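Chains as they are written, first to last, in our numbering: chain A, 1 to 276; chain B, 1 to 377; chain C, 1 to 270.
The set of hints was computed from the structure by calculation and includes no laboratory data. This structure is a prediction, so every number in the text was calculated from the model and none was measured. Careful: at least some of the hints might be erroneous.
List time: in silico EDC-like cross-link candidates among lysine to aspartate or glutamate, alpha-carbon distance up to 20 Å [to be verified]: (1) 8(A) with 165(C); (2) 167(A) with 27(B); (3) 2(C) with 138(B); (4) 89(B) with 174(A); (5) 227(C) with 174(A).
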Amino acid sequence: MNRPVFRKFAAAPHIVWAALFIAAPLAFVVYYAFTDEAGAFTLSNMSALVTSPNYRAIFLRSISYALIATVICLVIAYPVAYIISRSRVRAQSTMILLIMLPMWMNLLIRTYSWMVIIQDTGFLNGILSAVGLPNLHIINTPGAVILGMVYNYLPYMILPIYSVMVKIDNRLIEAAHDLGAGGVQVLFRVIFPLSISGVISGITMVFVPSISTFYISQKMGGGSYDMIGDAIERQFMNNYNYNLGASMSLVLMILILVCMAVMNRFSDEDTGGVIV
Amino acid sequence: MNKPGGGKIVELNHVSKAFDGDMVLDDISLDIHDDEFITLLGPSGCGKTTTLRIIGGFETADSGDVLFDGKKINDVPPHKRHINTVFQKYALFPHLNVYENVAFGLRIAKRPEDEIRKTVRAMLRTVNLKSFERRHIDSLSGGQQQRVAIARALVNKPRVLLLDEPLGALDLKLRKDMQKELKNMQRETGITFIYVTHDQEEALSMSDTVVVMADGKIQQIGTPEHIYNEPVNAFVADFIGESNILDGVMVEDYTVTFAGQTFRCEDAGFGKNEPVDVVVRPEDIDIVPVEQSMLTGEVTSVTFKGDYYEIIVDIDHFKWLIETTDRQSVGETIGISIDPYEIQVMKKSVYSGKYGDYSSFSDEMDTISDANAEQGK
Amino acid sequence: MKILSKICMGLLYFFLYMPIAVLVLFSFNSGRSTGVFEGFSLYWYKELFHNGDALNALCNTLIVAFLSAAAATLIGTAAAAGIYKFRGRFFRGALLNLTNVPMMNPDIVTGVSMMLLFVFVGRAVGASTSLNFFTLLIAHITFNLPYVILSVLPKFRQMDKNLPEAALDLGCTPLQAFFKVEIPQIMPGIFTGFVMAITLSIDDFVISHFTTSGFQTLPLLIYSMTKRTVKPDMYALSTLIFVTILLLMILSNIPSILEDRKKKYKGVNR
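Just chain A, same shape as in the assembly:
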């Protein structure tokens, strides 16, 4: 069959667009990361990141906060996804809708509303004072930053795990029961191995925005707990040191790529098909 000519060129606008606005910007990140103000090649931006204890601390903090938030999300989301996936079909869509609904609010608003609650003079302390309990200092602590991440990104963990779990054929669970497995054994030997792919995508969907956030750490951490995102934003919006900002972005990108590669490796091994 002769292929229609227009078909060959249908993708052309997109190819041009992707080259101009996806590939070229990435090239610019690399270019700026390895040049100085005058456009001459330099490694000083990259070496600044490695040598400065301040930046090392920022990177370490970003990784650890994002990891903690991801783990908390997983711990909450897994049972929730399981409960929803085993509910009546009619109830499931409502339950999922209710989880998605807050996500339709802008992240800025969602984060800010937590600030309103946990500020020193905020809603929570207002209530605590009213009932005569001592006030809590939560805002501007690492815990507050992690709370912000968990609150904002929890649905991203629940949804992929749920969508994998709901596809698990109920007969597989019945078959496991039939072969003598009790509830806990079914969970560990059948449901968990079959939902690994959902867990993996949930982890990436929470980890990536968490590690790169700047708004959550600004508002919930009060500027005392800078993350990579804060550092990048400052270079671009305040210090106008694009070269340093680009080098940080490059490192962040590589960091995430490495994390994802490790995760995928992990998930591939798990489909090897052996019960441990």
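Here the structure of chain A is known, so what remains is to put chains B and C in place on it, guided by the hints.
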């Protein structure tokens, strides 16, 4: 009634079950014996799969008792029953390979590793999958998956094996082979097989006992020969094999009238002049010269079936199906004769008048293609 | 077990909705405090409508969302139509990977990378400011594209391959076959892609933050409001946004709820 010496292993006593107000099982009572191959046979929606799921523990009966070895097991969860299931479409674990699928139940039972290895290997040899241990489930053909499913269930040495339309997804040739293999396995292992199917041929050729079900009720229980030769009502007669079912009147013992004629028969014990259904199997009708015949009619269609012809004869506006080895031609007037022992007289039932006339296509093909819909419940 | 799961779900929903409830509550506060509720008033709503910033930003947001979604849907659907026919696996894979970069990358990296491009080009042509409405629009189209392609391409793959061939067989030109047979088949995917693009565009803050200046969208306005000491007019704005979303959700679900009812009704009377 058969298999003397085999004690009762599973008993259903007055079991009923409804889904959303729809009565799916209506007062089912059934005894299943040790070492028996019993088949629940019926069209989709007759309740056969539900019966199986109640025995397996995946559904609980609304009322009535399920007994295993004489003990009530209504509330025993599936994983604590000495019963294993071969599921419809197999339900093999996609995250495990063939070996691990078969080993699953043994691992749950915490058997020592070397015993597991020995048993699983032996079982895979039995089902001819010796070299498939490391293969992934997705890479197997339907027939191979089916054998893994059987191996996975049998390796646990259950007292009773439940099979839910296990051959439904296979093509005809493979199905025939697997029927033989299953029957052999049952004989060799001595495990009670409870088999669910909508395919009457499968049921007749494999089973010791056939349970014909319709509309949530058991219609008839018996050996395949018994069911075929002495159907109790129009439904059974129609569902098992082909049959001409006519309205008749039992004039007295051994005498019945139908199609405007009086016939000798071998049935007795009906009331005087009781209306009955009369069954005559198409292969039991003899074509004779018109002058020697009991009934005469015009041939309206002839279909060549290979080793015989299937002809439809209009006798007094009732279309008879007759199987014969002699070629007849359409439009010809022929005579037929029926021997007394070929006439089966049945009591009138709710199914009277619904089946048995060949003036149009039967619905049987639809029933078969709907078979999987039942699983949705 | 049943009760335990109900408690779990209850706690989850409390966690998810409590902040929103507090926000809504304080949008009706008569005082400025965000910790003590002093009395009910609609003052902050009046205040919000008094300064035209919010309305202006809303208008801008919708313009950008609609234009970027339309452009991304057009380019993306055409791209999917082409990619679906590509034979070279390598080129196809490379193109799809490149397309997905804005989806996989953190928003901040996408944002700054485009900013670098715009600033570089701006400096090269000697413009005084290099970031404006058009750079924002380009950025939005770019991050919408992968989502459109992601929802359209599978529809092409699911389509019966004989359909366009049947159209050709019945005398359609390839172009007619595409518009009369293929497009109707993939329409649900196009629609999903378009709606997704609109919502992503309305919601985006991070990428917009780096790719425009002087042109204010709703998220950018909220950002600037939360930079200063916040007055409850921000809560009023957020409440209005939430109520709008809620209404849209309910409205879009009414047809399916009615459908369910109908089915149930029929089921009973079967």
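Verification of the supplied hints:
1. 8(A) with 165(C): Since the Cα atoms of residue 8(A) and residue 165(C) sit roughly 17 Å apart, the hinted pair holds (cutoff 20 Å).
2. 167(A) with 27(B): Judged against 20 Å, a Cα distance of about 35 Å means the pair is violated.
3. 2(C) with 138(B): Violated, at about 35 Å.
4. 89(B) with 174(A): holds (13 Å)
5. 227(C) with 174(A): violated (55 Å)
Hint violations for this structure: numbers 2, 3, 5, all remaining hints satisfied.
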